[in-house]
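4 protein chains.
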Amino acid sequence: MIVVMKASSSQDEINGVARRIKESGLKAHISQGVEHTIIGVVGQALAEIQDMLQLLPGVEDVIPIGKPYKLASREFHPQNTVVKINDLSIGGDKIVVIAGPCAVETEEQLLATAREVKASGANILRGGAFKPRTSPYQFRGLGIKGLEMLAKAREETGMPVITEVMAPSDVELVSSYADILQVGARNMQNFILLDEVGKLKKPVMLKRGLSSTIQEWLLAAEYILAQGNEQLILCERGIRTFEPSTRNTMDISAIPVIKRVSHLPIIADPSHATGKWYLVTPLALAATAAGADGLMIEVHPNPDLALADGAQSLTFDNFQELMSQLAPVAQAAGRKLAIPSAKVKP
Amino acid sequence: MIVVMKASSSQDEINGVARRIKESGLKAHISQGVEHTIIGVVGQALAEIQDMLQLLPGVEDVIPIGKPYKLASREFHPQNTVVKINDLSIGGDKIVVIAGPCAVETEEQLLATAREVKASGANILRGGAFKPRTSPYQFRGLGIKGLEMLAKAREETGMPVITEVMAPSDVELVSSYADILQVGARNMQNFILLDEVGKLKKPVMLKRGLSSTIQEWLLAAEYILAQGNEQLILCERGIRTFEPSTRNTMDISAIPVIKRVSHLPIIADPSHATGKWYLVTPLALAATAAGADGLMIEVHPNPDLALADGAQSLTFDNFQELMSQLAPVAQAAGRKLAIPSAKVKP
Amino acid sequence: MIVVMKASSSQDEINGVARRIKESGLKAHISQGVEHTIIGVVGQALAEIQDMLQLLPGVEDVIPIGKPYKLASREFHPQNTVVKINDLSIGGDKIVVIAGPCAVETEEQLLATAREVKASGANILRGGAFKPRTSPYQFRGLGIKGLEMLAKAREETGMPVITEVMAPSDVELVSSYADILQVGARNMQNFILLDEVGKLKKPVMLKRGLSSTIQEWLLAAEYILAQGNEQLILCERGIRTFEPSTRNTMDISAIPVIKRVSHLPIIADPSHATGKWYLVTPLALAATAAGADGLMIEVHPNPDLALADGAQSLTFDNFQELMSQLAPVAQAAGRKLAIPSAKVKP
Amino acid sequence: MIVVMKASSSQDEINGVARRIKESGLKAHISQGVEHTIIGVVGQALAEIQDMLQLLPGVEDVIPIGKPYKLASREFHPQNTVVKINDLSIGGDKIVVIAGPCAVETEEQLLATAREVKASGANILRGGAFKPRTSPYQFRGLGIKGLEMLAKAREETGMPVITEVMAPSDVELVSSYADILQVGARNMQNFILLDEVGKLKKPVMLKRGLSSTIQEWLLAAEYILAQGNEQLILCERGIRTFEPSTRNTMDISAIPVIKRVSHLPIIADPSHATGKWYLVTPLALAATAAGADGLMIEVHPNPDLALADGAQSLTFDNFQELMSQLAPVAQAAGRKLAIPSAKVKP
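Chains as they are written, first to last, in the working numbering: chain A, 2 to 347; chain B, 2 to 347; chain C, 2 to 347; chain D, 2 to 347.
Hints in this document: simulated from the structure, not taken from any laboratory. Everything numeric in this text was worked out from a predicted model, so none of it was measured. Where hints are given, some of them may not hold.
Identical chains blur together in the list; that is why a pair holds if it fits in one copy or across any two.
To be verified - Pairs of lysine-lysine residues, derived as DSBU-like cross-links and limited to a Cα-Cα distance of at most 30 Å, are as follows:
(1) Lys277 x Lys7
(2) Lys71 x Lys28
(3) Lys337 x Lys23
(4) Lys85 x Lys202
(5) Lys260 x Lys203
(6) Lys28 x Lys7
(7) Lys85 x Lys23
(8) Lys146 x Lys7
(9) Lys71 x Lys277
(10) Lys7 x Lys202
(11) Lys203 x Lys71
(12) Lys23 x Lys277
(13) Lys28 x Lys203
(14) Lys202 x Lys260
(15) Lys28 x Lys68
(16) Lys260 x Lys7
(17) Lys153 x Lys85
(18) Lys7 x Lys23
(19) Lys203 x Lys23
(20) Lys203 x Lys337
(21) Lys68 x Lys277
Put together the whole structure using the sequences plus the hints.
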């Protein structure tokens, strides 16, 4: 942490700041500049000390140094984290594709989608049973019935399933059905929920909040890691900006930034990022070229009849087309597509 | 809802859209323009139908008409909602001031603050017992001990207390201590929590999410109202923008916008909006002039020793100064300051 | 400037950075921390050196210290700048009100508006002769004819006039008519234009860019000041955010921030900030309570027939009402309204 | 245009709006809904009429239908525009790479860079002679000397050159040297400059403004097209968001959106979008995969000694590496890299 003194600060003020730093059990390195005196704070400095120093007389600014997260940082953990689900690896050299409907609606809809996306090359089945909805009057998911349908689809196709958990009290229930638990964008800073999924021994996918910085996202990841769960996957799904032609703006640079500062795998969700089916394929290809470890794609048998997010869902044909374009881009990026899981049970 | 057809759409496509609208139990009014044919959808149109229509051949855009919230709208409830806590009214003709420390730290700190802010004219005591923190390594509050200290401060000063609830499973506990439950900005779309506080018969204060539109905020309010809890107060606390010189940007226009489209009382939190103590007073005055029903102000005996948000906390003297400047601005805005509650118990 | 070395940086890398700093004619203060070594750069460090240091091996971050503007800073010029137009002062203890139509349309429209706003207490007449318009198909102003009408209105009412200049080549022309030249939000970083108005001996009002930080705004002001023109007024007119219910979001905190870091007067334009006439008065009062030195308000005889920005213009009655509410708020803020200028010619 | 009447509007108010629409020479189609009456406005409706209707009694909202730009729209011009510079095509089936230093500094620097980027496969040389700089104290370019150096580099290498023009009065001068004139992000809404470059018979590249919507960008393009210059190229270079880890956020979805709604070629500038050299290659690949027609890349012989934007410049080696990764991604996207121009003169 560095304290920048005002140009007009007195020697007494400088000494006062240095004294307070020492009282906090830290060391103070004073460096006299042409205009500003700067005081380096040496030691394990808490965020609260930053606030405190900010308020002392003569202080212009307090600048934190280094990253506030540790377990999520590449410095702490130089090797890529690879999350394993059965024979599937996320974060290794293969691109993993998660596909399925936004919401589980009926057994028929889910099974048909599961079969088709698997046939086209998807590795993991997605489907929401508990749906966070902006309005209380929208369809909020089938709940436990939806979880049972997911389990059935897994049994039939051998695909692992990912589904969202919204309530801390549902974590146990959802984890008894799902292979990966998803924490949604609106819950990225639901710290109670983060603590709960952190206690699991199961993979968790943490979506980036609509207006979260990459640093806040990694601090949310830190909550989960700090509880002992290291099977963590990040998912970029667009941030909120002023541009109205897409639902969100996919922050494509977040992918190489995360790869640089963290060891966690990162996948991209172009369906939620854009909100428009005809933008999903170009953004899926872009994310892959930028280094994403996988994709999450909404697919629906009849998008125009979907109970949620139809406008951004691909038809089976469109998804197949996406997969056929994805393979050469993955190869150009030095990766391969993961092979769809064989059926677990005969 | 209005469907705008592409300039190039065929008569068959127009008929197809009209047919689908009728199949959904709605009426279609076709209006041929110079460039675009427009189809009005008459009836109770769900959001899902919007997505569905968007996907039909020949459709350029689907535009929702009217507001997606109902109970929160002024059209539904033309009179101002006035929330009562004992003899205090929020949303009436008096300005209510909530003050206290960001986090409850010790009994001494809380009681000293309570006495001082009451003496300066504050009406309600604030203090966090459960604190949402960006990093897992920050002070997360005293929990139930903090709630007990708040109860003690209420007993001594007669001031009602407001405190945040983060977990759905804590709603009952917190409501057994607090006079008003606060739902924080990061939980504005924690729909499980909204449902829970909606079942209470106690006032709730709903803070605006960091990147929530006013419409999303009112839809979150709708969750609470839809469960039957009408004792609801909104709180503007700044939105996330690109400007780095304040922690957030207080959206001052949200105050008159809310007053126009909704009946709910709205208060302003300049401490969180700015993150800097020297901006709190000018923004408190501005919010009052713009029509806010009250203010929420962080005050700490020693801001430079606070365990949370010290940089934005006022000292006792600064708070007293704020209150003395507030009275004439309230009067200029045609309001008065509410009188501090008399002690409940003798 | 401070160079933060990576936790993993070697002694050679640290020495390399220090050597390069010295080669640039600056001094390097090395400070060994627990995790990070920090190197203070002492001397007049240019922005280019920041980029250069960022690229050296072992460097994690380079943090500039202090403000990049000088002439615009309060440290350089502790007293408030007061801009004088005849007997009127902007930036002193009186609140100045600028009012008039968005665009000059006809002599009749302008004169009627000028008389009415003066009668209600306005001090300066505004009116656009050159209009920046998002679309090439919108009304772009009357040009020189508009300037002549402004001159005529000044002659008749004695009010100084302010009007926008868009082209560097028009600066001389516009300054021969106007008392204050306005540089619009879209031209805040039109550096050629800034240089030109900086050469004038006439007041300039610099609007904040739609997505400009306060620091960039003051750097744009620095362009004008650096050319020798110190008669400079800033104008906050809203920034671009994700919120759709207003055209822009008025950054009310910019007012006290500017007052703290700069000596320049600042006025607020709630008409452009909101885009909605019914929000103009509450935001005008808020800006005044927050410490603005004046207001700029769009007024039109028949807003529903205006050629530009009718939706945000006040009628004469609404403007009169605003002025009657403004006086007590100004007084509560320790200010008074400036007295409308007497007619210059008899 | 559609007028949405308030739920509470009277028949008189509805008739009043319809009458005013007819008085404006347009037709009104009234459609009675369950809650809202909607009035379709048929005819060529100007933006001013929208403002006017908004103000009439009983009106809740006025919604424009269709796009406000015409010449830039794909509906008006279904085929892709292909801009030709000698034997090079931008917007065809080949990916074009523009490379060179941010600013022209010396003849030596420019020539060395030109030779190297050509050898690595670049097609066009970039270099700024007039530089828009946030601060008046930064290096603002060599001006005409820089233009002469660009001409010399073209003569030697045969590469066409692109350079920025900032002042309307410089358009003639710059166009006498450059093959493509660049209008920078800060000048995207400098309408005087747009008019001037619109009168040229030379290719223009229009960068997206830092906080411009895609629609505003296409309206700026419309200014140029409306003056008769159809040799227009768009350039996405990142938009301003709250995320601090990159200088801007590259809006990757803008590429397929532009391809859908417009016929103009679009290239991507990952150097300015990110501000960090190590993010340039992944974003260049992503933009290509998303369908961009070309790239603009900053390259410098010694980025750590550059006078402008060194932190985002590639070294020669890094650029060569980028080009070698680009070829397979272009191919995967169904494109090829354009072949570097042969030397014009022997």
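Tested hints:
1. Lys277 x Lys7: between (51 Å within a copy, 17 Å between copies)
2. Lys71 x Lys28: Intra 22 Å, inter 32 Å, cutoff 30 Å: intra-copy only.
3. Lys337 x Lys23: Neither: 55 Å inside a copy, 47 Å across copies.
4. Lys85 x Lys202: So Lys85 and Lys202 pass the 30 Å test inside one copy only (12 Å; across, 47 Å).
5. Lys260 x Lys203: For Lys260 and Lys203, only the intra-copy Cα distance (22 Å) is at most 30 Å; the inter-copy one is 42 Å.
6. Lys28 x Lys7: For Lys28 and Lys7, the Cα distance is within 30 Å both inside one copy (20 Å) and across copies (20 Å).
7. Lys85 x Lys23: Neither. Shortest intra-copy (47 Å) and inter-copy (49 Å) distances fail the 30 Å Cα cut-off.
8. Lys146 x Lys7: neither (62 Å within a copy, 40 Å between copies)
9. Lys71 x Lys277: between (37 Å within a copy, 23 Å between copies)
10. Lys7 x Lys202: Answer is neither: 50 Å inside a copy and 33 Å across each miss the 30 Å cutoff.
11. Lys203 x Lys71: Classified as within: same-chain Cα gap 21 Å, cross-chain 41 Å, threshold 30 Å.
12. Lys23 x Lys277: between (56 Å within a copy, 25 Å between copies)
13. Lys28 x Lys203: neither (42 Å within a copy, 49 Å between copies)
14. Lys202 x Lys260: within (24 Å within a copy, 45 Å between copies)
15. Lys28 x Lys68: both (19 Å within a copy, 27 Å between copies)
16. Lys260 x Lys7: between (38 Å within a copy, 17 Å between copies)
17. Lys153 x Lys85: Within one copy only: 21 Å inside, 51 Å across.
18. Lys7 x Lys23: both (20 Å within a copy, 25 Å between copies)
19. Lys203 x Lys23: neither (44 Å within a copy, 47 Å between copies)
20. Lys203 x Lys337: Answer is within: at 25 Å inside a copy they meet the 30 Å cutoff, but 44 Å across does not.
21. Lys68 x Lys277: between (36 Å within a copy, 18 Å between copies)
The structure fails to meet hints 3, 7, 8, 10, 13 and 19 from the earlier list, while all remaining hints are met.
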